Amino acid sequence: MHYYTRTFCSIIALLLGLQLLSCKKFLDQKPDKKLAVPSTLADAQRLLDGNSTMNSFWPSLGELVSDNYYVPVTNYNAASLNSRAHYRWDAAAETTLGNWIYGVVFIANVALETADKVEVSKQGEALYKQVKGGALFFRAHALYQMTHLFTLPYNKATAATDPGMPLRLTSAIDEPSKRSSVQETWDRILTDLKEAAALLPIDAGYKTRPNKVAAFALLASCYLDLEDYGKASAYADSALQLYKPLMDYNTLSPTSSTPFALFNPEVVHHNTYSGDLAGANNAIVDSVLYASYAGNDLRKTLFYTLVAGQPRLKGNYAALTNGVAFNGITTGEIYLTRAEGQARTGDVTGAMNTLNSLLVKRWKTGTFVPYTAANADEALVKILAERRKELAFRGKRWMDLRRLNKDPKFAVTLRRNIGGTIYELPPNDKRYALLIPQQVIDRSTVQQNPR
Amino acid sequence: MRITNTTKRLLGSLGCCILLCLAGDVAAQQVNISGTVVSAGSDQPLQGVAFTAGGKTVCITNAKGVFNCTVTDTTRVLRVVLVGYAPYQLKLGSGASQRFTIQLSPTDRELEGVVVSTGYQTIPKERATGSFEVINKTAYNRRVSTDVLTRIEGLAPSLLFDRRTNPNSDVNNITIRGISTINSPKAPLVVLDGFPFEGDLDNINPDDVESITLLKDAAAASIWGVQAGNGVIVITTKKGSYRQPLRINFNMAYTIREKPDLMRLPEMSSNDFINTELFLFEKGFYNADIANTTNRPPLTPVVEILAKQRSGAITQQEATAMIDALRGLDIRNDMLRYLYRTGVSRQLNLQLSAGGADNHHLVSIGYNSDETQLKGNAYRRLTLRTDNMQRLGKRMELRYTMQYVASLQHINRTGWGTLRPGSNKAQYYPYARLADDEGNPLPLVRDYRLPYIDTAGGGRLLDWHYKPVEELDYLDNTERQHDLLLSAALKYNAGKGLDAELSYQYEGAGTTLRNHQTTELFFTRNQINRLTQLTPGGIKYVIPNGAILDRGHSWLDAHALRTQVNYNRAWQHHRIAALGGAEVRQNATRGDAYRIFGYDDNTLTFVNTDVAGTYPVYGGLAGMTTVPSPTSMTDQLYRYVSVFMNAAYTFANRYTVSVSARKDASNIFGVKSNQKGVPLWSAGAAWDIAREQFYRFEAIPRLRLRVTYGYSGNTDNNRSAYTTINFSSNAPNTNLPNAAVVNPPNPSLRWEKVNMLNMGVDFGTKNKRVTGSIEYYQKHAKDLFSSVPIDPTTGRGSVTINTAELKGRGVDITLSGIIVRRPFEWQSALMFSYVRNIVHKYYNLSNSAASHISSGLSINPREGLDAFSLYSYRWAGLDPATGDPMGYLNGTLSKDYLQIASATKPEDLVYHGTAIPKYYGAWRNTVSYKGFSIAGNITYRLGYFFRRSSIEYNRLYSQWVGHADFAHRWMKPGDEQYTNVPSMPYPVNSRRDDFYNQSEVLVERADNIRLQDLSLSYTTGKPQWKAVPFSSLECYVFVAHPGLLWKASKSTPDPDNDGGVRPARSVSIGLRASL
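Top to bottom, those sequences are chains A and B.
Sequential numbering from 1 applies to the first sequence in this note's numbering.
Sequential numbering from 1 applies to the second sequence in this note's numbering.
It is worth saying that the hints were derived from the structure and are not from the lab.
Predicted model, so just to flag it, every value in this text is computed and none were measured.
Just to be clear, a hint being listed does not mean it is correct.
[Claimed, not checked] Pairs of lysine-lysine residues, derived as DSBU-like cross-links and limited to a Cα-Cα distance of at most 30 Å, are as follows:
| id | chain 1 | residue 1 | chain 2 | residue 2 |
| --- | --- | --- | --- | --- |
| 1 | B | Lys-663 | A | Lys-33 |
| 2 | B | Lys-918 | B | Lys-125 |
| 3 | A | Lys-178 | B | Lys-841 |
Use the sequences and the hints to build the structure in full.
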């Protein structure tokens, strides 16, 4: 009996002691294998690979307020209140939070901070560059997209005082947001992109991962906005030096509902937006735009389809038919940017060559007669017309309208006819800076755009 | 056929009951019995031991343990009972005078509200300082249910079941004394035989339960530390006792449950729905969908007929005739006929227990079989439990138990609310038909238009029609569970009141999900068809033409080890009851799920399928897509280390003080402060005034005051102090492993704490005619997680931080008494609870009124008001000219719904009150005469409001969701005097719908009183009826949810189930026997 007693008491004492001593190690185990504090480059890369945030459902607003399409009044009536208000450029049109893609900026910042904390080994250097360059690219790309929605077009004279985007460079959520100037916003985008371009590889293996070509291409687009056409042309050229495939549209099936493959060779960076009223289910292509495609222009049958006599949207580079469309970067866009840069800097021949090398792939084999231009202005008119046709419904029209409106030669007043009532958006209107989502105004000191 | 069988069985059982009832008493001779009763082990004489026969007390022992009395010679067995001791069956021999020496074995398990269990110890309620609630055993046993939780509803004050968000019997529906947290889990902790129960609560056989105690205040619950903030439900199972002859208990019940009363749902009539469609068609609402040759969105039959008419395929007369034929239909009739049946469940339970001088054992076997009202749904459960105690020498005891549960559930899910079309439609149009007049299954439109489906593929695709009734026979979706619980506890009694305990418990529970979806199911055919490629040369199946098998496994491994030292000693005027110990627990859950294509169940063959590549969808119905293949894995591990102590000191049987403390640490992720542990404590005192010399109030011989104060806590495993990311596989299109941020950094993270002050008085009148207690408490929950909306520019919409505070107060009152004494006896128990939960602090930047308007069923935090507060827009009636709803904007009439939603200040909203009951409770009555007993439980809920459902035109137009209120809508000027239902608008304005549905005009009082259950039983046994071999035999009939007795609202059939199906009524008959 005594034996039992002693053994039993010792066991209890031992267990009590063990429980308290081993506590630390015992509790160090992760509660869920799927959870982690981001601490390695692989973690950061996986965050950036979360393409449902980083590359999908980006702002649809730019396309919604553009003039590439119209909707039948029945579709208009069936649409959401906010979409309807934006469609008619209502001064009070509320912007939904989905257009405020600072979630991308946050992930990019978390990835950047993780990458900066890691000691980089020799083998890890390539991954480090991909992560850091990728994060900088995503941050710049998100800012670039939002800048076109929420700030006034770049104007050198007032850029230092025009309100720009809040610049968030860390993931700390307690840091207050305030609007930078338009100049500071563009400076940040350029700095990030240049650093990204230096780090990124030419081919990142996946079209959703940023690469050097995409960084150069986006820099070129930025310089169009900043009206520095020499740089626009130079960066576009740098991009094309590295990567310039164009698909021959003659090889694509005009009867397929998804003629373009996902991640096709022309895609430099993949990105999508949800079309809303401007999506395939609602939009009827603007008749002037549709008519501008020549009969032998294959884009007419690949991009669009006639339903009950009306041109509707069909193929897009996201290979989707549910109203979600592509707004990433393609080689086609880079050709057009280079051409515009060349034309605006006086290289008419170069500009037309660049343009023709793109268009020959778009026309029915043997029917394309190369475009010519007598002077830079004529070249520019042709290039901009082709730019609109090539990049229609890729989220670019709104960006182009904003910058081209500054030049009276290209300025347009947008019009909507809704059941007989005409709504207008004149060039350089205050409404070209859309309203910042109300939640942002409510919860921060960010200033709303004036009306 | 089933009904006839059911009826036969019912009649048979009733007949048995009636026969049993006819057995009566017989005249008899007198027998003298005498002797002494001592405590087994110590041989101390026991005072107050009662000898009962057929419920009547015939004898009570004096201070020397001596008894002496006379009984009739028909008495064969006397029940010998004393609180704190195992009951003993005294078998009488023959002879006019008989002497006995009886030993009673002490036990801590005796119930009837006298002993409470905390899971760590059992203490007599009269020495407890804390607030405990013991579920009445008789009332618990009278109920018939497959699970434990259903049986305790309405049986204790402070306990509230709210099934409005989840109709099932779920621990998450339970609150004890209101809520103690805002964003963390709100379910109370469930403890089974001393350890937190980690498995599925449905796996506890309610017939195995001996007692249930609720721990309500800090002193009672703080021993459970950071898990006790929401209260604790302590379940103790049955076990045998020493020196007990073999006892056999048998319980059998048969239940039938009515079909759901779908016809009482406030649905729109087919006629109204069709007229709406005609109106919308006229307006061109469907034009885009009709013209959509890409996605082919679903259209109702009426719209298809109209489209045909417009295209000239049929004449107007034909169209009208076809449409008129649909006007009288109601999908609910078809559902009740083809999808539902009368539910039937059977329960059997057999228990054997016996004990010798050194050991005792109990074996219990239970079997449950439920065929629910939804055809194809079924649940079968086998439970097996053994509980054994073995003395090892004089000082050591080993208890070892085993519980094994195997269950099989057939899951069907084709019924009201679950039978739904595809696309964005929320429910079927009311004139949908499931079968034709001959009962042949009919197809319903689902993801795509029917005319398209009819011809798509020119016969080369699999049949693309959805016929829900036909599918019923082919559903093969099951969930199997195996749950094994093993425990061993070694207790060593060191003498002088000191004992030590070492206990260990293992639980291994496995769940296997298997959904075998053959090509008879629309799901499978749709998956295959969508990715089929038709070429002139042949058919290419991307998804093999065969069954799709989904499998899932999960396994729980839980270990718990505890060491505990108890000290219980009484000397002179002093008494100490103390315990201290430590425990380690670990729960690991691992699981996986995967899908197999082209599966053949007969040969177990399958076809490997490319789930990474993207393929075009048939006919361009959607963009390029991958083969959907839900594969997932989970691996979770929670670890806890705790030390705890509890001590109570009683002086002169009158003054008790108690203290309790606990420190917990866990591996919850990335929380530094966690690992340092959280100390939680409580203290309490009790004063038995009635035992004071000066106390002379004889009408109330029992009077006791209690007060406690202390802390318990609440954990949420999903929080972390660091930025945490969550990995997932297969990013869209790239199939890359990827991650998303779950938590932004939160360095100030802490655990939630609940502080409670409890004051109580227990009283009893002479002869315990009326006993009761009144308790008042104040609760202050601090450091509560609150989701704070933040500047979206941070990249996050909200963060969860420890900022909120809740203050609660309430009263619990229990009164029970014997209103009329034997032979006709009427017992009554009244329970009353008053609870307020006030949001004391909440960080809410949003100043928009819209964010405060909700159904009230989720917490709506506004400082200074009830946690579940209900707000509405002010209502200004309908516009007499248009029937538009009108509200107020800055004090003036307005129809600018956008401005009303964005510019109204929260303080300008109408505040109705709380959406959860402020006052609730039950009134239980039992009337018995001889062996007959009728009992009923009436529950009441008062002082709260609900928002009635009504028509939302936006949902009607685009999602096919109607409402009966449509029939009462404004149609012409003048109608505004009779109705508040707005006119039908076009185009639809969702803000107009929102305004109306969130206005004060739809909020009503939810107060109601309902008859929770009703039971009738007849008990007999050997003493009354020698012919039967049973010491006790009981036949019973039990009715669950007979219905509402009163409600404040006139517009809804049941305010607690507005717009939904009320709990189905059921009738059970059963038999309980002891041998």
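Hints, verified against the model:
no.: 1; hint: B/Lys-663 - A/Lys-33; in the structure: 26 Å, holds
no.: 2; hint: B/Lys-918 - B/Lys-125; in the structure: 28 Å, holds
no.: 3; hint: A/Lys-178 - B/Lys-841; in the structure: 28 Å, holds
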